[in-house]
Each structure stands twice: as C-alpha cells, then as structure tokens.
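Given next are the chains, with one letter for each unit.
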Amino acid sequence: MSPEQTSTDVRSDALRLLTNGLYVLTTCLENTIHSAAVAWVSQVSAQPPLVLVALRRNSHLAHAVRKAHRFALNILSADQETLAAQFFAYQTASAAATALSGFAVRPDVGHCPLLTDAMGWLECRVAGELATPGDHALILGEVTGAGIRRHGQPLTLWMTPWSYGGATE
Amino acid sequence: MSDRDITKDVLRMFSYGLYVATAHSPEGVRAATVSWVTQASFEPRLVAVAMRKGTGICEAAAGSRRFALQVVAADQAEFAKAFFRASPSGPDEIAGYHFTATANGLPVFDAAAAWLECAVVEEANATGDHAIFLSRVLGSGLREPARAALVLRDTPWHYGG
Chain E
1 MSPEQTSTDV RSDALRLLTN GLYVLTTCLE NTIHSAAVAW VSQVSAQPPL VLVALRRNSH
61 LAHAVRKAHR FALNILSADQ ETLAAQFFAY QTASAAATAL SGFAVRPDVG HCPLLTDAMG
121 WLECRVAGEL ATPGDHALIL GEVTGAGIRR HGQPLTLWMT PWSYGGATE
Chain P
1 MSDRDITKDV LRMFSYGLYV ATAHSPEGVR AATVSWVTQA SFEPRLVAVA MRKGTGICEA
61 AAGSRRFALQ VVAADQAEFA KAFFRASPSG PDEIAGYHFT ATANGLPVFD AAAAWLECAV
121 VEEANATGDH AIFLSRVLGS GLREPARAAL VLRDTPWHYG G
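Line by line, the protein sequences are chains E and P.
Be aware that the first sequence starts at 1, since it is given in this note's numbering, and climbs by one per residue.
Be aware that the second sequence starts at 1, since it is given in this note's numbering, and climbs by one per residue.
Errors might be hidden in some of the hints.
As the list claims (entries may be wrong) - What follows is a list of derived Cβ distance ranges for each label pair:
id	chain 1	residue 1	chain 2	residue 2	range
1	P	GLY54	E	HIS111	31 to 41 Å
2	P	ASP154	E	GLN86	26 to 36 Å
3	P	LEU138	E	THR116	38 to 48 Å
4	P	ASP110	E	THR98	53 to 63 Å
5	E	GLY110	P	GLY90	52 to 62 Å
6	E	ASN31	P	ASP110	26 to 36 Å
For the record, the hints were derived by calculation from the structure and aren't laboratory data.
All C-beta atoms in this analysis are idealised placements derived from N, C-alpha and C, irrespective of residue type, glycine included.
For reference, chain E alone in the conformation it holds in the complex (with noise of 0.2 Å):
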C-alpha cells in the first residue's frame, strides 16, 4: 500500500470513515519472501473461517500470493506504526531471510514467514478470487493456522498519522 499522510479534509469524504487496522502481509513463493503493508483487510465467515484481502490488481504482491497459493497477516499493535512504515513499500527478501528491514522473520518451510514481533498472526491458504470491476484484487483465504504471541492493543489507522482509503489515492 502506498498510504498518504491525512489531510484536513480527511473527514470530508464518507468513504474515509470506515475503519481499517493496519497489517503485514507475508508469503514465500520458491525462494523469495514477498511482504507489504496491508489494511483492507475483513473477515467474511466465520464457518469456514475466511478472510478477504484486497491487493492491488497488477502488483508484485498479488502475484505473488496467487501462485503462492497461501499467505500470513501479521497483526501489529498499537505501539508498532514503526514496524508499519517500514512495509509500506512492497520488499522481497531470500527464503532464508531471518530478518526484514530489521524486524525479524521465523522461516518455515511450507509455511508462510511470520514477524516475530507481531502479536498475532493467521495463515491463510487461497480459497479464491472475487471477479471485481476495481483496481484491487480481492482475494479469500481461509484460514489455517493461527498464534498469538501476547495480548494488547491492536493498531488501527486511525491511530496512525495515515490513511488509505476514500475516493482517491
């Protein structure tokens, strides 16, 4: 995601009111870990758990977790808009990678790589695709592992100095 700073007219726009958390998305396809920021981010089931997640249509990333077939959000708490800023730009890093941008990654093979420091985390194998007229892709995952390292506060946007949503980039 490329989020912008918030502008005063932020709550100009009924779009931007909706609320969003703040997320690293992790996969590794072959050899290379592929990770961004992520927020439009929801559940859409809770039996099977399901997960939606909009990427941009033609990026890296989406490409990447299409033939991947599977994924990992890594959940961030509120004292980590340090760790956010730093995934705003989609990175690629070597499977065996046991740090990104400095954060560290626990590799596991067949599995997705997680932050270490995340509080939580789930796994997500690609259960499809929405057909969608937009300029993200929408992808559903359900569910198949899951952790949490400790409980606190999850960040949400609103707590962050950025937004990403409304009627423009």
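Place chain P on chain E using the hints.
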C-alpha cells in the same frame, strides 16, 4: 486452547468500525448493524460488505441489489445497538430511529453521521456463512459537524472469530 479458539481470538484482533445497513425489501425497510466492511477499490469506488446469510438485511440487499451503509459515530453506541436485532419497519422509522430517502431512494437514518449509497456489482462467498456484497459507491453524505467513527474494539461487543 484449541486451534479453533486461537483462530477465533486472532480474528478478533482485526479492527472494524460499526455500521447500520439499510435496504428495501417487499416487506418494508430492513436495517441491521454490520462490521465486516472494507473498501475494495479506489477507482471505481467499491466497498465489500459481509452480511450473515439468511438474515433480513442480507435477503433485502440481495433482492434489491442496493443498500445504504451508515457510519456509526464514536458517541453513538446506542444507535448501533438498536439494530443488533431485527425490528419491524414503520413507513419512516425503525426502532424509534427516523429515516428519509436519499436521492437514489435508499433509506438513511437522521442519526447517521455519514453514509454510502451502494449498488451491488457482485455477490460472492458460496462456501462462507456470510454473503459478500461487492458494491459500487453511488453516492455518499456526511452530516455536520464531522465526527469520529465508533471502533468495535472500543465497545463491549465483538463480532468475529
């Protein structure tokens, strides 16, 4: 904890707002509080909204292909709570909340801090227990003074897991 309990707890770490969705049905206006909402495109402006299958609001949105999504403001927890359960609709009110029609004919409550008029472009999620309505934003409105949105985590309620 079982894997299922952990999954549930992690899913509840996701951040959501609270919204009241309204739609026309043959039996009158339906209204329900929803939280599984995200923007899904800048151009065109799209939102994805998940509604539990079989509920009045889900059937009304599926049938009429249109709904209004109303943002619940931070000081309006009671407004959200009023639509946790289905209530019969009068000609211009539900559960004591008065509504009027927007230019696109969608019912919007006077209490709504802001709203989006949505037209369904795609209904998905055959395997899930909620329908996903991918919808184009036809129009929007904002009442003055502008207010902050209610965040689900700041309420006594949760939805998800």
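Here is how each hint holds up against the structure:
1. P:GLY54 to E:HIS111: 31 to 41 Å: 35 Å, holds
2. P:ASP154 to E:GLN86: 26 to 36 Å: 27 Å, holds
3. P:LEU138 to E:THR116: 38 to 48 Å: 45 Å, holds
4. P:ASP110 to E:THR98: 53 to 63 Å: 56 Å, holds
5. E:GLY110 to P:GLY90: 52 to 62 Å: Cβ of GLY110 (chain E) to Cβ of GLY90 (chain P): about 57 Å, so the range 52 to 62 Å holds.
6. E:ASN31 to P:ASP110: 26 to 36 Å: 58 Å, violated
Comparing the model with each numbered hint stated earlier shows that hint 6 is the single one that does not hold.
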